[in-house]
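Given next are the chains, with one letter for each unit.
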Amino acid sequence: EVQLQESGPGLVKPSQSLSLTCSVTGFSITSNYWGWIRKFPGNKMEWMGYINSSGSTRYNPSLKSRISITRDTSKNQFFLQLNSVTPEDTATYYCARSSTYLDFDYWGQGVSVTVSS
Amino acid sequence: DIQVTQSPSSLLASLGERVTITCQTSQSIRNNLNWYQQKPGQGPMVLIYYATSLQTGMPSRFSGQYSGRNFTLTITSLEPEDIANYFCLQHYSAPYTFGAGTKLELK
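Those sequence lines, one after another, are chains A and B. Just so you know, we're using our numbering here: the first sequence kicks off at 1 and counts up by one. Just so you know, we're using our numbering here: the second sequence kicks off at 1001 and counts up by one.
In case anyone wonders, no lab produced these hints; they're calculated from the structure. Where hints are given, some of them may not hold.
Pairs of lysine-lysine, DSSO-like flavour, derived with a Cα cap of 27 Å [to be verified]:
#, chain 1, residue 1, chain 2, residue 2
1, B, K1103, B, K1039
2, A, K75, B, K1103
3, B, K1107, A, K44
4, B, K1107, A, K75
5, A, K75, A, K44
6, A, K64, A, K44
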């Protein structure tokens, strides 16, 4: 079974970078698409971007200048880096898979990140 | 960006009741919409994909319909385990966008 697990610091200071890891078991990240989504307080959700099987990325234009998604295929992990964070980046961050047959079919349980000094 | 308007934002219902949640998109997305259920502390689980297809393992009391830009999730008879947050996601074109969610509670 495909399982995704997010990890990373729960507290980040304003202007710093937010870095999260998604560890995947049960499926190789060298296939399909692997992305990040966040849910803000108040429940609004935002698709952030993805990295595909060949390592190409696509980002939400609202974040394009601050976001980077990379991967380590040897560890079957992919990563989110969001630069120059502000308190408005406080959210629960999810990683998710999109397969050939079904977009956003498997999700992690999410990790809460607070941006505060 | 495609806007997705979901209603209601919250819903009180009784066990056995029929429940309907809707999403309307700002432009045609054909059938490229999924419905998700999310319980506290858990990741979202896909219920319905491509607007009408029931995900394997999900109870048959869940169903999805659509007409044009209007999408509907129906629970035919509410069970206690259905108490959760529900949201829709359009995956027709990036940036993919979400409905605001519906918090389903017991009356």
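Verification of the hints:
{"no.": "1", "hint": "K1103/B with K1039/B", "verdict": "holds (10 Å)"}
{"no.": "2", "hint": "K75/A with K1103/B", "verdict": "violated (37 Å)"}
{"no.": "3", "hint": "K1107/B with K44/A", "verdict": "holds (25 Å)"}
{"no.": "4", "hint": "K1107/B with K75/A", "verdict": "violated (47 Å)"}
{"no.": "5", "hint": "K75/A with K44/A", "verdict": "violated (32 Å)"}
{"no.": "6", "hint": "K64/A with K44/A", "verdict": "holds (19 Å)"}
Taken one by one, the earlier hints fail for this structure at numbers 2, 4, 5, listed in ascending order.
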